[in-house]
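Chains A and B supply the protein sequences, listed in that same order. Numbering (the numbering used here) for the first sequence: 2 to 544. Numbering (the numbering used here) for the second sequence: 3 to 309.
Just so you know, these hints were derived from the structure itself, not from any lab. Treat each hint with caution, since some may be false.
What the hints assert, rightly or not - Lysine to aspartate or glutamate pairs mimicking EDC-like chemistry, simulated, CA-CA at most 20 Å apart: (1) A/Lys237 to A/Asp226; (2) A/Lys402 to B/Glu40; (3) A/Lys209 to B/Asp58; (4) A/Lys415 to A/Asp374; (5) B/Lys54 to A/Glu204; (6) B/Lys54 to A/Asp159; (7) B/Lys54 to A/Asp133; (8) B/Lys54 to A/Glu161.
Unchecked claim - Beta-carbon label-pair distances, calculated as ranges: (9) B/Leu19 to A/Val135: 54 to 64 Å; (10) B/Leu19 to A/Glu387: 56 to 66 Å; (11) A/Thr397 to B/Asn293: 43 to 53 Å; (12) B/Val156 to A/Asp41: 25 to 35 Å; (13) A/Asp521 to B/Val109: 41 to 51 Å; (14) B/Phe147 to A/Ala423: 40 to 50 Å; (15) B/Phe147 to A/Ala466: 30 to 40 Å; (16) A/Thr44 to B/Tyr309: 35 to 45 Å.
Fair warning: this is a prediction, and the values are worked out from it, not measured in the lab. No residue lacks a Cβ here, since even glycine has one placed at the ideal position from N, Cα and C.
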Amino acid sequence: MRASKLRAMFMAMAAVTLAGSFSPAWSADVHPVTGEALSDDQTFTYRLLDQFPTLDPQLNQDVSGFHVIRDLFEGLLSQDTEGNLVPGVATHFAASDNNTTYTFILRKDARWSNGDPVTAHDFVYAWRRAVDPVTASPYGWYLELTQIVNAADILAGDREPAELGVRAVDDHTLEVRLFAPLPYFPAMTTYATLFPTHRVTVETHGAKWTAPGNMVSNGAYVLTDLVLNEYHRRVKNPAYWDSDNVIIEEVTGLVINDDNQALTRYRAGELDHLQPLPAGQFPALREEMPDEATSVPRLCSYYYAINHSESGHPALKDVRVRRALSMAIDRDVIVERLLKGGQWPAYNFTHLKTAGFVMPEIAYATLSQAERDDEARGLMEASAIEDLTLRLIYNTSESHKQIATVISQMWKQKLGVTTELANFEWKTYLNIMDNQEFDLARSGWCGDYNEASTFLDLLTTTHGANRGKYSNLEVDELMSASKTVGDPGAIYAEVEQILAEDMAIIPIYHYANTFLLSSDMRGWPYDNVENNWYSKNLYRVAD
Amino acid sequence: MIYYIARRLAVAVPTLLVLIIVSYVLMYTAPGGPFDTERTLPPEVMANLQRKYGLDEPLVVQIWRYVVSIVTEFDFGPSFQYTDQTVNDVIRQGFPVTLTYGAWAFVVAVLAGVSLGIAAAISHNSLLDYLCVGISIGAQVLPNFVLAPLLTLVFTLWLAWLPGGGWQGGHWSYVILPVIALSTSFMASIARMTRSSMLEALNADFIRTARAKGLPMRQIVVRHALKPTMLPVISYLGPTFVGMITGSVVIDVFFATGGIGQFFVNSALNRDYPVIMGITILAGALTIAFNLAVDLLYAWLDPRIRY
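Use the sequences and the hints to build the structure in full.
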């Protein structure tokens, strides 16, 4: 019933397109599921803060690039509007050998935009390409993270890409072997690095294969225009297996660096979606445009890294000082007075909206701020450290500066601790962090996938983003054990307790995304904490 | 004259070479590298990237290779940041944009600025003079990062006449606001310079002689005073023109034009070495060329100058 209606709808549309004009019959059409009347205009224009560096799925490491790649390519699995896994190119999968072997069954009707069938070989080719030293993907480590057999050795040049633990059993069966059990492996296939690529296209065009006109893709959209730092456009892909259910015809991304300028252009009707908003303006915008301004959780945590290494301040080796510093921060002030965008005060690392994560009862989170302040003063006195001066670094940004200033005031007033603030532009900042030339450093971490280990693994000894060099054998062992148990929830809770007790980092807040979305747009994944939106799920209703 | 031009061009080559070496070394010594990210890359991944882009070689070898590929193939290398693009792609796309709005802004700034300056000078201390000076000071104190958002507010949001940004291949409606925003302060400088230069010229002995002979004011200004007036203005215009056509980061950022100014700043922030180098060399070569052009114009304007 639904399918036939939809088919009729698209046939009508095809006829209209052929005639070269839109007829009112189309506007009378309705959404196949919800029955809402659809607008004549099924285009979507959104703002990008910066130009994405690449559209090559295997090379991408950028959030805004991923928004586009997700539309152009389709991986084994996708996410629905709530972030749950749904079939992509794979219709279903099975895990065996204690979560170390995964077999994905691919749909037979999946096609590349040039009509070629999408097969298991395309995935094998792409995944090998991701770890091939010749490709030199900055995201090659993602395959190491998935524990796929031999990924690390191939990246290091010690084995051939063909030895990667992925195999096409036949055209429609893909078998993946892992070194260690990884219960969330299927969720990781929703990221760009594990999307398929079309071998002939890559080999024919080399680095230029992603240019409009060259690119062959298998997603709901194809790339038609790309002008760096100006805009790109993608239009519906008729070869996509589910194209009958794709409503938005054309998606345009405009690169607008300046937040205020972007807001003016949103107000002028040039944009349907705007993110991020100018700092601190969310409350006013929500007042002004209640149907359009929204705040949703975003899977990132904001914290101050503490330098635990040799070069860190000796006073920070004292857990009492670390706890005092953390407790003296009034997070409610930061969230409610400075950020004002629906963020949550944080007393732990893992974002509170992470899938399957149950927030443990962190002792100092349950106190009132007055009680925390008292305890902080007591701890500081007990440590007998006086005239403490700490160097707090942050990367140049108005918001980081405000937060750092407020926190340094809190420390000065409550603990008598002096803070030297220093800001650096991004690359210099990373360099300083890598060399541990700080006492405290503004940090943020966004989940690579929607599971608590994406946060907690960071505080294990060998993690690449553990720039404070926190090292706790107990945490390392627990996190290692968490990979093999059926339900790691209890382990995550225990790790959070240890981190809070030890004050490994100073958690400050959990992110929220604030954005404006045109009031006639529907299908936005408000409940997907990774903010992974697929244009194929969007549609525009008639006024 | 030909000999002079040839000599200047011959000097340009070592100048550019020095520019390349100094920029490369400066860039190389800046902290942080092109592939540093939030997550420290595993050493094997970093090594593959360094190898792919030849960054594992000694600095001298890198510079040598770079210069050789420019000279032999006119190849400025791949972009580290935009991995699907080469520096030639970036310049091919971004330079025409800034050249277009920069050249238009230049024309507007020169025509409006010189006219205002002359009008003010010949009616010295009159209401018209004050008006012209007022306009040019007003334009001067309104920097383009203030003017640009104001223009969009008025012409995009309130009047809905012009788009608030983009380029669309240089359609006129996208060009107007960048041109206004970029030309205003230059126009002001040119106006003030022309006015004071013209005032000086009008007080010179040969002008007094011309007046004494009873020549009409119009003829005095156009035939006799304009040329000497333009000398200091022209020496300002050479580098200004290069600055305008190689882009303004403010204009590119506010009007999202995709112009080369934004690439220049972004590439420095991203440590995208080849793009920094490519644009630096482009700007350097243009500066050398236009300085030469200005010097030649001098000789034409002032018969006392001979090369």
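Hint check results:
1. Among the hinted pairs, lysine 237 of chain A with aspartate 226 of chain A is consistent with the structure: their alpha-carbon atoms are about 13 Å apart, no more than 20 Å.
2. A threshold of 20 Å between alpha carbons decides the hint, and for lysine 402 of chain A with glutamate 40 of chain B the separation of about 19 Å falls inside it, so the pair holds.
3. Only pairs whose Cα atoms come within 20 Å are accepted, and lysine 209 of chain A paired with aspartate 58 of chain B is rejected, the gap being roughly 24 Å.
4. Between lysine 415 of chain A and aspartate 374 of chain A, the direct Cα distance comes to roughly 7 Å. Compliance with the 20 Å bound is thereby established for this hinted pair.
5. A C-alpha spacing of about 17 Å is found between lysine 54 of chain B and glutamate 204 of chain A, which places the hinted pair at or below 20 Å, so the restraint holds.
6. Only pairs whose Cα atoms come within 20 Å are accepted, and lysine 54 of chain B paired with aspartate 159 of chain A is accepted, the gap being roughly 17 Å.
7. A C-alpha spacing of about 12 Å is found between lysine 54 of chain B and aspartate 133 of chain A, which places the hinted pair at or below 20 Å, so the restraint holds.
8. A hinted pair counts as satisfied when its Cα atoms are at most 20 Å apart, and lysine 54 of chain B with glutamate 161 of chain A qualifies at roughly 17 Å.
9. Look at leucine 19 of chain B against valine 135 of chain A: about 33 Å separates their beta carbons, and that is not inside 54 to 64 Å.
10. With their beta carbons about 58 Å apart, leucine 19 of chain B and glutamate 387 of chain A fall inside the hinted range of 56 to 66 Å.
11. Taking the beta carbon of each, threonine 397 of chain A and asparagine 293 of chain B are about 35 Å apart, not inside 43 to 53 Å as hinted.
12. Hint check: valine 156 of chain B to aspartate 41 of chain A, Cβ distance near 31 Å, so the stated range 25 to 35 Å holds.
13. Between aspartate 521 of chain A and valine 109 of chain B the CB atoms are about 43 Å apart, so this pair conforms to the stated range of 41 to 51 Å.
14. Checked against the hint of 40 to 50 Å, the C-beta distance between phenylalanine 147 of chain B and alanine 423 of chain A comes to roughly 26 Å, which is inconsistent with it.
15. Judged by the Cβ atoms, the range 30 to 40 Å given for phenylalanine 147 of chain B and alanine 466 of chain A holds: they are separated by roughly 35 Å.
16. As the Cβ distance of threonine 44 of chain A to tyrosine 309 of chain B is approximately 60 Å, the hint placing it in 35 to 45 Å is violated.
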